[in-house]
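A.B. asks: Using the sequences and the hints given, assemble the complete structure.
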Amino acid sequence: MEITEELFAAHRARLAALDPLLPRAAPPAAGERLDAATAGGGRVTGVLQRQRHGPDDVPMLWSAADTWQLFPYFGDTGTEGVDLLLRAWRARLDGERLGEDSACVVNWPSRDAEAIRAFLDHGMVPLTALAVRTETPVPAPADGVHVRRATTADFDSTLALAEATFVYTGLVATRRRPNTAALLAPALREDLSQERPAVWLAERDGAPVAYAQCSWVDATAGMPGSELLPPGLWGYVNNVVTAPEHRGTGVGRVLMARVHAVFHDEGATGTYLYYNPTNPLSSVFWHRQGYRPLWTSWEVHPASALR
19 MEITEELFAA
29 HRARLAALDP
39 LLPRAAPPAA
49 GERLDAATAG
59 GGRVTGVLQR
69 QRHGPDDVPM
79 LWSAADTWQL
89 FPYFGDTGTE
99 GVDLLLRAWR
109 ARLDGERLGE
119 DSACVVNWPS
129 RDAEAIRAFL
139 DHGMVPLTAL
149 AVRTETPVPA
159 PADGVHVRRA
169 TTADFDSTLA
179 LAEATFVYTG
189 LVATRRRPNT
199 AALLAPALRE
209 DLSQERPAVW
219 LAERDGAPVA
229 YAQCSWVDAT
239 AGMPGSELLP
249 PGLWGYVNNV
259 VTAPEHRGTG
269 VGRVLMARVH
279 AVFHDEGATG
289 TYLYYNPTNP
299 LSSVFWHRQG
309 YRPLWTSWEV
319 HPASALR
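If you use this note's numbering, the sequence shown corresponds to residues 19 to 325, in order.
Careful: at least some of the hints might be erroneous.
Label-pair restraints from in silico Cβ distances [to be verified]:
(1) T22 with V302: 41 to 47 Å
(2) S211 with A160: 45 to 51 Å
(3) T238 with E118: 37 to 43 Å
(4) A205 with P45: 43 to 49 Å
(5) A34 with G268: 35 to 41 Å
(6) P249 with P77: 33 to 39 Å
(7) E213 with V156: 51 to 57 Å
These are calculated hints, taken from the structure and not from any lab test. Model, not experiment: these values are computed from the prediction. Virtual Cβ for every residue (Gly too), placed ideally from N, Cα, C.
C.D. replies: Structure (structure tokens):
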């Protein structure tokens, strides 16, 4: 069975009313169907997809090895509709052999408070947020920090910085993988060899103390980014790292002021990134930089812990 036109129209209307920055709702996802009925006789539907990753797959940096993702379509039924779909999901998982390195995931607009109520009731937590920034860049005092484009000669120092940050995020957000450096290295090496996208390096007294790995994402109709972002050409801040001993000293603020200025000067519609709401450092820093959540990934680990 396909998702009815009536239900998808209600889904599209819900997203349009939630947040003016949300793009037009993507076409219905493909996958296994979950169906339920509200007390008033309304129909709600979820589409379930399962992804498995091996130890050498890059998504293991932010994902469980066995991920079950739900795409909900509940129109105007609010918390009741989401609750019913999560109950159906929980029942669907009964009988599955779910390991510790597994997760249930729903990526949903950050401003939908009615859905949040149901996610919390079923044991899910906001683990990742896609945040956007559309403000005009504001210069930041240099404070003895020099920012320049990184080159291939900076590979070892930037990789060491990145690995140190993943040690911290392994405590407060995603799992820490023993092969983190090996998973990070290929993309970092490739980006360091390019002029655009660029990797920006912040130095203090000649020593590297932070870097930002950036790229461009085209969110025009039909492009992959168009399902998550408003139309336009967006600057993507992929990975921002500050050495542990320099956190809280203003290095990140100076670095991002340069990054935002470059994206702005080159015609970006805005910038976006992913951060962990459970990270007590990044969740504060990025809001101060003018970012605000657009989409939030609600997760429960392991998948068997879904209530």
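A.B. asks: All hints, please: hold or fail.
C.D. replies: Here is what the structure says about each hint:
no. : hint                       : result
1   : T22 with V302: 41 to 47 Å  : holds (43 Å)
2   : S211 with A160: 45 to 51 Å : violated (28 Å)
3   : T238 with E118: 37 to 43 Å : holds (41 Å)
4   : A205 with P45: 43 to 49 Å  : violated (29 Å)
5   : A34 with G268: 35 to 41 Å  : holds (40 Å)
6   : P249 with P77: 33 to 39 Å  : violated (27 Å)
7   : E213 with V156: 51 to 57 Å : violated (26 Å)
Checked against the numbered hints above, the structure violates hints 2, 4, 6, 7; every other hint is satisfied.
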